[in-house]
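Each chain, written out:
2 protein chains.
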Amino acid sequence: MKIYDRQGTPNAARIRIVLAEKGLDRQVEFATIDLVAAEQKADWFLALNPVGKTPVLVLEDGLALSECTAITEYLDNLDGRPVLTGSTPREKGLIHMMQRRAEILLLEPVDDYFHYAIRALGAAVEPWRQPEWEGRGEWGQRRGAEAIRNLSWFDEVLRDRPFLAGDRYSMADISLWAGLGFGRAAGLQFPAYLGALAEWEKRFEALPAVIGRSGKELLPQDLTRR
Amino acid sequence: MKIYDRQGTPNAARIRIVLAEKGLDRQVEFATIDLVAAEQKADWFLALNPVGKTPVLVLEDGLALSECTAITEYLDNLDGRPVLTGSTPREKGLIHMMQRRAEILLLEPVDDYFHYAIRALGAAVEPWRQPEWEGRGEWGQRRGAEAIRNLSWFDEVLRDRPFLAGDRYSMADISLWAGLGFGRAAGLQFPAYLGALAEWEKRFEALPAVIGRSGKELLPQDLTRR
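These protein sequence lines map, in sequence, to chains R and L.
Here the first sequence is numbered in my numbering, starting from 6 and rising by one per residue.
Here the second sequence is numbered in my numbering, starting from 6 and rising by one per residue.
Calculated directly from the structure, the hints in this document are not laboratory data.
There could be a bad hint or two in this list.
For chains that are exact copies, the list does not tell them apart, and a pair is met inside one copy or across any two.
Cut-off 25 Å, straight-line C-alpha distance, at most; resulting in silico cross-link-like pairs (DMTMM-like, lysine to aspartate or glutamate) [as the list claims (entries may be wrong)]:
id	residue 1	residue 2
1	K221	E44
2	K46	E151
3	K58	E161
4	K58	E108
5	K46	D172
6	K207	D84
7	K46	E161
8	K58	D160
9	K58	E96
10	K58	D165
11	K7	E96
12	K46	E206
13	K207	D165
14	K46	D160
15	K58	E151
16	K46	E65
17	K27	E96
18	K207	D172
19	K27	E206
20	K46	D116
21	K46	E108
22	K58	E113
23	K221	E139
24	K207	E139
25	K46	E113
26	K58	D116
Given only the sequences and the hints, what does the whole structure look like? Please build it.
See below:
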């Protein structure tokens, strides 16, 4: 299998944790996409993924899978023993819901902050963003503030249970963790007083698939410098 | 089970098709949310779904599930015979990918057109949208144009196979169909020359779970009049 991504970005980190959890690291070859040069919007890449985003997993039969949820569903079910996407109907529903919430309440507003408030990817990707308008940077700031505010909701959930969907971690926790790291790397100041969230983060970073890897190969400290 | 939604909106339609496909219609009680009055942003509703969107499915044990993908995963797996979300790892991956593409390439740009170009829900929901700026309506129009342009990609996929993920329909087709109907009801003029897409739409509307229901209880002709 081959993955097109860019090490150190949140979505690349999500799938690399899944690969480690499932013991599939060695079965994948990686190819780097130059996001600053907008290689993800080049014709050859759009033929793999018309959405123009990384990562893309190309299977041995040629099928190109994109979208972290889809790639995770594939990898997690390969051995017939899903641990990240749920086994029972209730688990599947809860995990998929929490996964989308981590995207909608955290990853997406952080992404808007990243692209509109600090414009960290620079000029080459501009044609694929919202066009210039006076309040664009302000709106990016507002989205960053939303991401910060939304963390309280996750903190509240994590007061009742060790992980977002219950006693064991799932792809929803991976997304939440990627969102937190992405936000910090983009320069957002997350509040320190969310105790349950802080405890959860320690638990998450002690997982076998994650331990010792945060801040190095998974998510770097600073995404604002190119 | 109880569903909070608003009949005639695209996400309500998606779940109602799933219920019909799985023979679960009679096991669900519906409660209407007044979207124009922003009831989906009221405190009691945000306690069910912090994202503030319909539908929400409340299970008998009290768990409130939101997000169409999550609700579909739950309902489709209840009888142990998933037909809309895939059985094999490859099917699961492909269906989830196509499902997100139907959202990203069609449902989301149509939603932006609906909220920013024509502002069809009116004043009550304004505080939850992007703030006023000069180019907002223009950006809504641009998103509508993107939705129209993106249909060519789906048409291309459907030249090779009867449904988005292969020989049988899945939740991805439900999302694509809801996006098409939503776009038309919002006033977008979709091109008539996309032959494979038109053929697919006929096939989809002849499915037992859909036949005779489009344009009536599922998606009305016009969402621009309140």
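Which numbered conditions among the earlier hints are violated in the structure presented, ordered from lowest to highest?
Per hint list: 5, 6, 12, 23, 24 violated.
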